[in-house]
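A.B. asks: Residue numbers (my numbering), protein chains in the order written: chain A, 1 to 195; chain B, 1001 to 1334; chain C, 2001 to 2247.
Just so you know, the hints here were simulated from the structure itself, not pulled from any lab data.
Be aware that one or more of the hints could be misleading.
[As the list claims (entries may be wrong)] Straight-line C-alpha distance at most 25 Å; calculated PhoX-like pairs for lysine-lysine:
| # | chain 1 | residue 1 | chain 2 | residue 2 |
| --- | --- | --- | --- | --- |
| 1 | A | 112 | B | 1123 |
| 2 | C | 2090 | B | 1180 |
| 3 | C | 2090 | B | 1311 |
| 4 | C | 2116 | B | 1309 |
| 5 | B | 1311 | C | 2068 |
| 6 | B | 1180 | A | 74 |
| 7 | B | 1192 | A | 161 |
| 8 | B | 1309 | A | 74 |
| 9 | B | 1192 | B | 1123 |
| 10 | C | 2072 | B | 1311 |
| 11 | C | 2138 | C | 2065 |
| 12 | B | 1180 | C | 2065 |
All of these numbers come straight from a predicted model, not from anything done at the bench.
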Amino acid sequence: MRIVQVKCPSCNSPIYSKQRDQLFYCDKCNVLHTRNGGAEKLDFEIAEFSGSSSGERVFVPFWRLYCSFIIRSKSVEGGHVFRLMSWMKDEDGSGTLFIHIPAADFDPSTFKRLAIDYTVSSPKYRSRLDFGGVRRMPAMMSREEAVELADFVVVTMEAEKPGVLQRLDYSLTVNGSKVVYLPFVMGQSGLTPAL
Amino acid sequence: MADISVGLNCPACGGAVSVVEGESTLLCPYCDSTLFIEGDQGVTTIAFRNKVNREGAMKASRLWWSRGWKARDLKRVGRTIEVYPIYLPFWRAMTRVAGWICGYEIRRHTDSKGRVHEQKVPKEVMVLNDYRFSEIATDPGDLGIRSLRNFSGETSFADFDMIPTFEATTSRDDAVARAKSDAQSRARSSAKVSRVTMERLHVLPRRLSMVYYPVWVVRYTYRDRMYMTTVDGVTGQVLSGRAPGDPLFQSLAITAGTSVGGLAAAVGIIMSSVAAELMIVGLLAGGIILYITYRFFRHGSEIVEGEFKNKPASVSQTIKELQSAARTLQEAYR
Amino acid sequence: MASIKCPKCAAPVAFDAGTRFIKCSYCDSQIHIDRSGAGFYYAVPFVIDETNAMGLFRRWAAGSKKAKDLDKRAQVAGVQKQYFPVYMLKRNVNGKEQVFFEPAGSTTLPGLHALKVPAGDLKIFDSSFDTSGAELIKPDIEMISYVDSLPGKPKEQALVFFPIWRLTYVFEQKRYDVIIDASAGEVFSAVFPTRSSAAYMLVAAFGFLAFAFEGVLALSSLTAALVLMALTVIGVFAASFTVARRL
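For reference, chain A alone in the conformation it holds in the complex:
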């Protein structure tokens, strides 16, 4: 067991944080990193707030996974609408999409709602350079876990279409990942997107 000081892998300045978070952000040089064996810099984006909903503003971390898929065969009882169709490029059943996995600690139903909503329609935003003093929700999920759950999101999108899914033979490859901080407002009714 060894205790090390968390320092930015880019500018080597120490990182001060008040919360337990898997992701460490350096506000000196604007670098995000995680530690799994050693320090690893992460690609990330911060989305600008818009709208005027009142409440506490908060940034929620998502893993945005750039994935390609190939569908080999599929069978559905009593339905034929095909959601992955919209991302399909070729006749052969392959395509690419962005899968969004919420990385903060959510209960199962919130997790699913956020993942499906942002994967079905990728959020469009102006990105900003820093957090501007707005609180970040701590990330509790590693990229490896997010990759595991990408498959769940894909199958959920297919299964929640009309008809009863019986079989989906496909493969999913994660080609790239990025951490995206999306803006939310914490109100009386819970989290509401502030994009």
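Given the structure of chain A, go ahead and fit chains B and C onto it with the hints provided.
C.D. replies: What follows is chains B and C alone, placed relative to chain A:
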């Protein structure tokens, strides 16, 4: 043995820091640096406060004596010899399962002309749930306790020095592996899809902790023989126990079992003139009733409650064994 | 209790078998105990005394599978209070924690199917530990042979002495051995005099067949069947009560 002690200092300012087991990061109280623990971080440990006293444990144990099919003179003859609390270690894990199980089930129905129709009902079931798992972190010995039943109560290490603490001797990663397979099988059975065509389940361990739970051990004698009960130190409920049985209940059980079972078989034989299957149904029902009561008759001289390895007289264990035997037969038949 | 030297102020700090982190009571600094490089000796205190061990043996001997009245008729020929040694090795195998139990001596315990450390309050075993008069079975296999041959990296290794009562009893001119775990009260035995199920089965089979026959008979002659049933109830009850009490 000075070489085994390692002082914990902030690498930035040298100040002494305190590590909370199971946490990977901490803040230096002097210089505010974020510190990261590399290597073995340990496991979050909590202890439940003991809320039961000696009298409470004895009272619960004596109440338990008079419940169920235990020796009728136990209350009169039984003597409590020892009552003492212990802390038992448990692994507690939270596991999230996310996935889909697709398939179908076959429904059979008979129409007015007596023809049997088979209908295939397709199913797609989402599984998205957090499952809690607990398992004793030591050899359970003869305590009859294997998992936690209660997860709430005041947590504090205040009683830790007063109550003997049983040490954890099982592997943390083995416990996580069992938590994962337990969550997977519970998720699978919750989906209730009998014929599976596609299963994609993802099992993610989320939190693991070590829970020290107070348990009172009550040892008592009955005619020179020593029996025991264990009492939950938080809720005051009896968790497990061994008690002498009573030959009267054993013989009443078999008398009832042979008469009801025999008559069920007779009804089956009589009804076989209407439909041949009814004879098999009757004989089977009679046989099952007979077997359950026979087990109690044969082994009911000791009543065992709780998570013991072997509970030959227990009706619920007999039924479970019969169910698994039926499942094996069914699969062999297929 | 054993103690270590505080790396800050050199004061002795008492620690126990399960301790991983401890606070120095003099300078209040937290100390991590790293067990990967050292071998430890642990022992579990005796909780069950001789009288209670005999009571546990009698309860076990009265079990439904043991010969009838074994609890009363077994002659206890010898009682030994012993500490039995087992190695407990915690190792990190490919990033996963594994616990191995290995024999520390060539003697084995009857009825103990897998080597284990029974549930108990592990204490550091040193000169101050009170063995309460129990015979210490000396390990004759070195710990180092396991440390070198087992897979993975060491996390903790210990020789654990666990408390047992070793009972020898005679039943119908034959000697049997039984081991009682003196911490959690488990009873181990490899061979013991057994009881036949024949009488139990006979009563059950007779009752079942008689009632099945009488049930069918009720169709043709209800009164005769009812009388026979009443007789069977009395007969089965009397027979089963005798069997349950005496066999």
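A.B. asks: Run every hint past the structure and note whether it holds.
C.D. replies: Now for the hints, and whether the structure bears them out:
no.	hint	in the structure
1	112(A) x 1123(B)	holds (20 Å)
2	2090(C) x 1180(B)	holds (22 Å)
3	2090(C) x 1311(B)	violated (32 Å)
4	2116(C) x 1309(B)	holds (16 Å)
5	1311(B) x 2068(C)	holds (19 Å)
6	1180(B) x 74(A)	violated (29 Å)
7	1192(B) x 161(A)	holds (21 Å)
8	1309(B) x 74(A)	violated (46 Å)
9	1192(B) x 1123(B)	holds (9 Å)
10	2072(C) x 1311(B)	holds (23 Å)
11	2138(C) x 2065(C)	violated (35 Å)
12	1180(B) x 2065(C)	violated (37 Å)
Hint violations for this structure: numbers 3, 6, 8, 11 and 12, all remaining hints satisfied.
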